[in-house]
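Novice: Keeping the supplied structure of chain A fixed, place chains B, C and D upon it in accordance with the hints.
Protein chains: 4
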Amino acid sequence: MSNKVSTIGVLTSGGDAPGMNATIRAVVRTGIARGLKVMGIQKGYNGLLQGDVRELNARSVSDIVQRGGTILQTARCLDFVKPEGQARGAEMCKVFGIDGLVVIGGDGSFQGAEKLANLGINAIGVPGTIDLDIACTDYTIGFDTAVNTAMDAINKIRDTSTSHERCSIIEVMGRNAGYIALWCGISSGAEMVLIPEKQRPTDEEIIKTILENKHKGKKHFLIIVAEGIGGSYNLAKKIEATTGIETRASILGHLQRGGSPTAVDRIHASMMGAKAVDLLCEGKQKRVVAFKNGQYVDYDINEALKMKKNIDDYMYEVSQLLI
Amino acid sequence: MSNKVSTIGVLTSGGDAPGMNATIRAVVRTGIARGLKVMGIQKGYNGLLQGDVRELNARSVSDIVQRGGTILQTARCLDFVKPEGQARGAEMCKVFGIDGLVVIGGDGSFQGAEKLANLGINAIGVPGTIDLDIACTDYTIGFDTAVNTAMDAINKIRDTSTSHERCSIIEVMGRNAGYIALWCGISSGAEMVLIPEKQRPTDEEIIKTILENKHKGKKHFLIIVAEGIGGSYNLAKKIEATTGIETRASILGHLQRGGSPTAVDRIHASMMGAKAVDLLCEGKQKRVVAFKNGQYVDYDINEALKMKKNIDDYMYEVSQLLI
Amino acid sequence: MSNKVSTIGVLTSGGDAPGMNATIRAVVRTGIARGLKVMGIQKGYNGLLQGDVRELNARSVSDIVQRGGTILQTARCLDFVKPEGQARGAEMCKVFGIDGLVVIGGDGSFQGAEKLANLGINAIGVPGTIDLDIACTDYTIGFDTAVNTAMDAINKIRDTSTSHERCSIIEVMGRNAGYIALWCGISSGAEMVLIPEKQRPTDEEIIKTILENKHKGKKHFLIIVAEGIGGSYNLAKKIEATTGIETRASILGHLQRGGSPTAVDRIHASMMGAKAVDLLCEGKQKRVVAFKNGQYVDYDINEALKMKKNIDDYMYEVSQLLI
Amino acid sequence: MSNKVSTIGVLTSGGDAPGMNATIRAVVRTGIARGLKVMGIQKGYNGLLQGDVRELNARSVSDIVQRGGTILQTARCLDFVKPEGQARGAEMCKVFGIDGLVVIGGDGSFQGAEKLANLGINAIGVPGTIDLDIACTDYTIGFDTAVNTAMDAINKIRDTSTSHERCSIIEVMGRNAGYIALWCGISSGAEMVLIPEKQRPTDEEIIKTILENKHKGKKHFLIIVAEGIGGSYNLAKKIEATTGIETRASILGHLQRGGSPTAVDRIHASMMGAKAVDLLCEGKQKRVVAFKNGQYVDYDINEALKMKKNIDDYMYEVSQLLI
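Chains as they are written, first to last, in the working numbering: chain A, 2 to 324; chain B, 2 to 324; chain C, 2 to 324; chain D, 2 to 324.
Just chain A, with the same shape it has in the complex (with noise of 0.2 Å):
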C-alpha cells in the first residue's frame, strides 16, 4: 500500500493532558515505520502560523511515554479562529512540506483541523483532554490519569477527615461534564456526588443526608463537587452554620491536569497516534479517532461534533447505592 502523504506534522492543542506525549511518540515512530517524515510543530496552532516547527525523528521521542505535559507545548491561539488564520496555517503547512497533520486536543483543536483539511492539509484528530467531554468516544487522553490524581488527593483528604470527623467537600475538574467527579465519587467512597447532568440536591436534601449518615456511625462525610456546579465555599459554610459539623472545602485544581500518565492513559493514548498516521496514510480525510464500544475507530469531524454526550444513568444510580 502506497501512503496518501509523505510529511505530516503532530500538535497539541487546548488544554495539556497526561498522555499527548505518548501520542506523540506514537506518530513519530509510527510515522517514521510507514516510512514518513515527521515535524513537531511547537505550542498549538500558534506555533503553526509562526512557522515554529522541526523534523523528529525515533531518537527525539525517546523517555517521554511516562512524563506529563506536552513536549511540544500548547497555547491557545485567537487568530486560527479566523479565515485569515487558517489559510496562513495551510500556506505554513506548504512551507514545510506537511501534507498531513495530527491534531492532539478537543472539540474546539477539531474545529481548526477541519478548515485546515478544507484547505488541502488532510489534518486527524486525536482527543485528548482530561475532561472526557467529547461526544464521539468513550475514552479521552488523560481522563485516566486525572481521576486516579483526583482520587489520591481525595483518599488523602479522607483520612483527615475521618481523624477528625469532619465534612469535606472537594471540587474536581471537568469543564461541564461530571465524569470525573462521578468517578472520583464512586472510586473513593464518597457519600455524595454533584454533578452538571443531574439535578442538583437542594442545600437542605444534602444537609438532611449529612445528618443521617453521621446517625448511622459514618465517620466522614465527603461530596464530590463538578466543577460544572461549584459553590463548593458556600456549601460549606452552610453545612457548617446549619449542622455545626466542622466542613472544609478544597479544590484540588492543576494538579489533576499533571503527573506521569497512568497505564490505560499511555495505552490509547499509543494506540491513537498509531491509528492517526494509519488514516493519513490510507489517505482518509477529516476523521477524528475515538475509542468506541472497545474499539479504536474513526469518525468524520462534523459528525463527531454534532453528537451528544450522556453520563451513563445506571453508574449514576449505582453512585447512589454504594453509599
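You may find that some hints are simply not true.
Which copy? The list can't say, so a pair holds if one copy fits it or any two copies do.
Each computed DSS-like pair below joins lysine-lysine, with the alpha-carbon atoms no more than 27 Å apart [said to hold, decoys possible]: (1) 293 - 309; (2) 38 - 219; (3) 38 - 217; (4) 220 - 38; (5) 38 - 215; (6) 209 - 38; (7) 310 - 293; (8) 5 - 95; (9) 38 - 285; (10) 307 - 293; (11) 83 - 307; (12) 219 - 199; (13) 238 - 217.
These are calculated hints, taken from the structure and not from any lab test. Computed from a prediction, not measured in an experiment: that's the story for all the values here.
Specialist: Just chains B, C and D, lined up with the frame of chain A:
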C-alpha cells in the same frame, strides 16, 4: 419489581486481585439497598463447606474500597471439584438461607458456580483476576492495578538500566495470557515483548535486535517476558555471553497481585458487583457479568466458558512499531 | 527493672498527622511487651473527659502502620485548657487506672500533658505534627509525608505549567513555619520560596526574577508560598497583570495532612512511641521525646516549650543557588 | 573569599542511586553561582580515562531533580584501580582544566578520589548508595527512596499474603548491611527481620515464631531477609514443608535502585552537592561530605574509610517488640 432472592452470599475464589474488596462492598450495599440480606463467605468454597459465613451490613464494608486483597480471603478447595462437595455446598447455603450467590473469581470459580446453580442455588460469576484471561469479557477486576504496578516497577528498573547501559529482562505475571506483558511493553517503552500468543523470536533474533538498538544509540534494552513464556534467567545469560552487555533478569512476582486498586479497577469492580446483585434480583440463572464492547452485560456461564480469547493483533503490531 | 507504671493511656491531640497510627501501634505493642496494660483514649483530651476509653491489645493495632490519620481520632478541647478540666482529666485517668499517659501532638498538647503530670498522672509528649514547628526536636511525625505529598502535587502542577509556559504559585501548609515550603522548594526545583522566617521579597523583586528566568529560557516559574506568608491569589493577579504571563495560584490544602505515611514517618513514629513507653517505665517525669542530632532523646516539657527554632540558613542559601 | 579552584568536574561512580541527579544539579548550579566552570564526566572514572567530558550549564541540569538514575551514567573501571590508570586520570583532568572534582559514590569511589587528590587534583567524595553502608555518615543518597520502594512492594505482597494466609519471605538489597531490611521490617510491620549484623535465628526458631503468630490470629507472616543473609528460597521451602503453610519467596531486585527520588533524597543530595562545591572553593583537601548528628559536615577521606558502622541496637530491639 419483586426480588427473586431474599438472602445472598458473596465469596472470592482463586487468586486474589485488587478491586475484589470494591466488588464485595458493591454487592453488600447494593444488596441491602435492594432489600436483601447479605452473607459473607470466608475463604472461597472452602469456607462455604465449613460454614464460615456471617452476615455483612453496610458498615462491615466501610473503608475497604481502597484496599488490596480481599477481606473475605480466598483459598483453593479440592473438595468442591467433586459432586459430593458441591452437594454439601448447596446444603450449606440452605443452612444459612442463602438463595443466591455472587462468586468473584476466574473460570475455575465459575464452574463451581454453575454446579451450585444446578443444585438450586442460583450463582452469578464476576470476573476477578489480574490475568485478563476470561474470554467473555474485555475486562477482569485487578488487571489495571497489576499493569500499573508492573509498569511502575519496570520504570524503576529502566532508570538503573539506563545508568549502567544494561539489558534488563523483566518477567511479568499473566499465566498463559500475554495481556499484562503486552500492556507493560507499550506503556513502559520496552524494546521487545515476548508473549505466548505470538511466535517467540529466536535468541539470535532477540540478540540482533538488542545490538541494532545499541548502535542506534539506545541506552537501555528492556525485554518484557510473559510468565507463559518464562526462561528469563537463561535468556539473560545467553545475551550477556554473546554481546558482552551486562544483562539482568527480574521476576516481578507476587507484588503484582496486591496494592490499592486503581480507579478503573474500583469502578469496574463496583459496577460489576451491583450488576451481579441485580441479575440475582431479576432471577436470571447461571450468568457471568462481563464488560464487553463498552457495556456491562451478562452471559450464560457455560457459553462464557466455551469462548476463546485472542490478543489484539493491531495492538501487538503497534507495540513493535513504537521501539 | 520494675516498671514505674502499670496501665498507660495513649491519645492523639491537635491536628492529625500521617504516622500517628504507627506511634499508637508502637505504644501498644511495646507497652504490652513491657508488661503493661494499654488504654486507647478516643478524640484527644475531649474523649478523656468523656471517658471514651477502651483497652487495646496487640491485635487492636494490626494493619494500621500504613494508614494515614489516627484510629484514636483527634479533637480540640477547650475545657481542658481550664484547671477544672485538667482536674477532671486526672480524675478520669484514675477511674480507668491509668498511671501514665502518652500524648501525641504539638506544643499545645504538651502543655496539657504537663498539667496532668502536675496532678499525678505522668505524661510524656511525642511530637506529632506535619508542620515541624516544635523547637526541641529535629523531626516531628508527619512532616516527611506532608513534604512528599506536596512535592508530588507540585511536580504535577509543574508538568502543566511547563506545557503552557505558565507561572504557578503554590501555597503549602506549615502554619507559622516555613519548613514544608523550604523543603518543597528545593526538592521540586522551584524558582522561589517565600517563608515567614525570611524577609519576603517585594512583588517587584519577584516579578523581576520571573522575567529574568523567562529570558534565560526557563519554561516554568514555580513559586512556593508558605501558609504563614499567604496572599497567593493576589500575587498571581499582580504577576499576570504586570508581565502578561498567565499565572495561577493553588492552595494545596488538607490533602497534605493525609495519606499513607512514608518510611521515615513510620520509623520515627515507631521509635518515638517505644521511647515514650520506656520513659514511663523508667519513671521519668514530664518529658517530651525528641529526635535531636541524630539520636532519640528526651527533654523536660517546660524546657522544651521554651526553646526557639530557627530555619537552617545554609539550606535557605542553597535553595536560592539551585534556581 | 577567592575560590581555590576554577573548573570542577563531577562524576557518578559505582552503583547508581536515586538522588544522584539532584546532586549533579546542585554541583552544577552552586558551582556556577560560585563563579566556577563545571564539567560533567560521563560513566565514572571510565569516562574520565576516555576523556568523555563536556561542560554543563544551568540548563543542562534542568528538569532532572525528580529523575532516578544518573544522567552522567556510571560504570565500573578496573583500570582506575592501578596507579597507571590513576595517573592517566589526573592527566586527563589537566587536559580539561579540571582542578577540583566531586565524586558521587561509595567507599570504592572515594578511594579513587583520594588517589587523584594525591596526584594534585583535589577531589571531594559525596556518599551516594542505596545501601547506607558508609561509616562516616548517617545518610547516603538513595537510601530513603530504596526503603520506600521496598516498603511499598512489601505492602503489596502483604495484601495477597493476607488474602491467602500465606507466609512471604522478601529479600531486600543492602549488600553486607542490614539497614534497608531493618527499616523495611519496622515500617511494613513484618514479623521478623534477618540482618547480617545480628545472629540469624535458626530455621527452627523462625518456624516456631510463625506458628506462634498463627495461633495468635495473625493472617500474614512476613519475613524480611537482607541480601547479606540470603537463602530465601530454601527458607521458604523449609517453612512450607514443616508447617504446611503456603510460603513464597520474592527477591525484590533491581527495582530498588531506581525511581523518582523522595524528598529526603532530593534534599540531602542537593545539600551535599552544594557542600562539596563549597569545600572545593575553600581549598579543603580530600574530604568526604557527611550528614552526621543532624549536621552537614566533612571528614578526611582516609579517616572516613577507616570508620566502622554499627546497626542501632535499640532500633533492632524495637523491631522485635512491634510484632
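Novice: Sort out which numbered hints this structure fails and list those numbers smallest first.
Specialist: none
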